[in-house]
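> Just need the whole structure built from these sequences, with the hints factored in.
Protein chains: 2
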Amino acid sequence: MSGQPPVFVPTASASFAVFRRLGPQMAALDGFMRDQVANFEPEIRGMAAYCLESTGKRLRPALVFISGWKGEGVVDDSLVRAAGIVEMVHLATLVHDDIMDGADLRRNRDTAARAFGPDAAVLLGDALFSQALHVAAQFPTTEVCRLVAESTRKVCSGEIMQTLHRRDMSVTRADYYRVIDLKTAELFRTSCYLGARLAGFAGDFVKAANDFGRHLGIAYQIYDDLVDVFGEEKKIGKTLGTDLASGKLTLPLMLLLEKLPEVERAEVIGAMQAGQPLPLSASSESMRALGIGDAVVRSVDEELVHARAVLAPFASLAPVTLMLQLCELLKTQLSALDSSGPKS
Amino acid sequence: MSGQPPVFVPTASASFAVFRRLGPQMAALDGFMRDQVANFEPEIRGMAAYCLESTGKRLRPALVFISGWKGEGVVDDSLVRAAGIVEMVHLATLVHDDIMDGADLRRNRDTAARAFGPDAAVLLGDALFSQALHVAAQFPTTEVCRLVAESTRKVCSGEIMQTLHRRDMSVTRADYYRVIDLKTAELFRTSCYLGARLAGFAGDFVKAANDFGRHLGIAYQIYDDLVDVFGEEKKIGKTLGTDLASGKLTLPLMLLLEKLPEVERAEVIGAMQAGQPLPLSASSESMRALGIGDAVVRSVDEELVHARAVLAPFASLAPVTLMLQLCELLKTQLSALDSSGPKS
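Heads up: the sequence lines are chains X and A, in that order.
Quick note on numbering: the first sequence equals residues 1 to 344 in this note's numbering.
Quick note on numbering: the second sequence equals residues 1 to 344 in this note's numbering.
Treat the hints with caution; some may be incorrect.
Derived contacts from chain A toward chain X, CB cut-off under 7 Å, selection only [as the list claims (entries may be wrong)]:
1) Asp119
2) Leu123
3) His134
4) Ala137
5) Cys145
6) Arg153
7) Ser157
Sample of chain A residues lacking proximity to chain X, with all beta carbon distances greater than 10 Å (derived) [said to hold, decoys possible]:
8) Tyr50
9) Leu105
10) Asp168
11) Met169
12) Arg173
13) Lys207
14) Ala295
15) Ser299
16) Phe314
17) Ser316
18) Ser340
To be clear about the criterion: a stretch of chain X counts as covered by chain A if any three or more of its residues have a C-beta under 8 Å from a C-beta of chain A, and this derived list gives those stretches [to be verified]:
19) 117 to 130
20) 161 to 172
Everything labelled a hint here was simulated from the structure, so no lab data went into it.
Backbone N, C-alpha and C fix where the C-beta goes; we use that ideal spot for every residue, glycine too.
Following this line, the structure appears as structure tokens:
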């Protein structure tokens, strides 16, 4: 919390080829995020810097840069600002999420809620949201502000629904998709839209980028829910198994409940509703053996098929190669999860 | 939480002459707020309506309407929208404040935190903020969005500072004024600015309205802190004494600590820091006897002198009469508090 400028650690994603190509853009984003700190009131700059120091994946900024890709090393100031805006909105939601989940650790360090207390974290998230919108209002027209404000509201609505559904075992698959569409796909969608739009691509590609972002977002959230079951804590840098522990009904768990025999099913539901440790039948080994991992991977694949399909008419455009590489990257990450059952 | 449209109860302030003149504008605001509900995702509309059903004082909308006053019954759509925006931002901050203060009751009914749980309330506040900014982005230029986003960040920064200062007895009067300038005066200032600006008044009056709003906001917050000590719970409709109980160092308490003899002072500080019930020396009777009420009233008066002074060159403008009446109204409310010691 000193007056020192924050140290921006290279993103974890930089080891992937598609992200390596974004080096100059991400460096510009680093500079932008660092400059943002000075826009907060002096008394809370240290706290703001703590949140803005992103050691995260910076997926949403990557979507902006990729959807607005004009060639190697081309850094467009409006894309950098848009990338900064969506990342700040995302960081704000993480600050609030971590309060609700009671999570202590994110990206291998204390969450804001743990570092500053939950009360200050509520307000810090608000200040990050506001600053994101303030930057959005500095574009020449109101379009960016309108899109980002609406997306933010939808993200929060999705999170509210998820909170209301906690420990509710009557949640349907349609409910699950509705929640992840809002809480995750919405900001992916807006990131892709803004990238393509601000880079000056034609309306039909902007629309395609928008739809691509939505499908990729749904795919990514299903993948992320699978990570919570099959990921390795050390590699991911956050507390895993929190979805199950907090009674969040994710696709893996929904499928598990469908596949478990009556008695075990009742045990798992009972434990979830009571907030107690889950029985062995809900362990990752059990899920793997029941083929849950494979089934969830198929659901991710379905979305990726849609994501690729909307890009088909635009194969000659510069961004599309990188957008397709993002789909491949997600597939690679999925395979690395070791979620596959004995049959496959 | 049914599908019924919310019932908008007439504001408590309607009994004051200056507010009665705002009848047509406030009626238009009612309509605007009711229409806003439909902009939230269907699943959370009931919760949004619960918050938007304002039975409150609607001070900030009143400031917009009064600073942009063009005559009896003139209802300007852009003022109604600006009034709705500042009220939504304010309602969002209340939702988050009530989580932190652990308050159960506001305006004689359950707080959102109590009605929906603190987790959903965090997100509901976020959704209200976002929707306010979304409406702000519907003005032709980015100015409203920029001002509202910046004000919102400042309000949150002030609240963060207040949270960090809790149970900190080294807080100075300068710290106190800095906090209330941000957490309260900022949105008062912006409300007055927007009213005058959107109504098309000349730049020098817009600036004066801005400064008036700031001084009135500081005066109002000091008054509000006095209400927490001397108010009547039934009349105010919220839990009183929460500032002291939560260790919030307000001007009345600062003055008390200055005036109390060493031993009693140490007792009060000890109780506040331990979060225990305060001794009798911190009761409203004790404060009244020590002349704390009178001293705080003088601090309010100082701000009102400044507020009136900035309007002096504009005495002939339509809004000014009503702006001055607002100062008088605050004076009347102050007198009604029964905070005065035996000497006065």
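> Against this structure, judge whether each hint is valid.
These are the hints, each one checked on the structure:
no., hint, result
1, Asp119, "holds, 4 Å"
2, Leu123, "holds, 4 Å"
3, His134, "holds, 4 Å"
4, Ala137, "holds, 4 Å"
5, Cys145, "holds, 4 Å"
6, Arg153, "holds, 4 Å"
7, Ser157, "holds, 4 Å"
8, Tyr50, "holds, 12 Å"
9, Leu105, "holds, 19 Å"
10, Asp168, "holds, 13 Å"
11, Met169, "holds, 18 Å"
12, Arg173, "holds, 16 Å"
13, Lys207, "holds, 21 Å"
14, Ala295, "holds, 27 Å"
15, Ser299, "holds, 22 Å"
16, Phe314, "holds, 29 Å"
17, Ser316, "holds, 34 Å"
18, Ser340, "holds, 35 Å"
19, 117 to 130, "holds (count 11)"
20, 161 to 172, "holds (count 3)"
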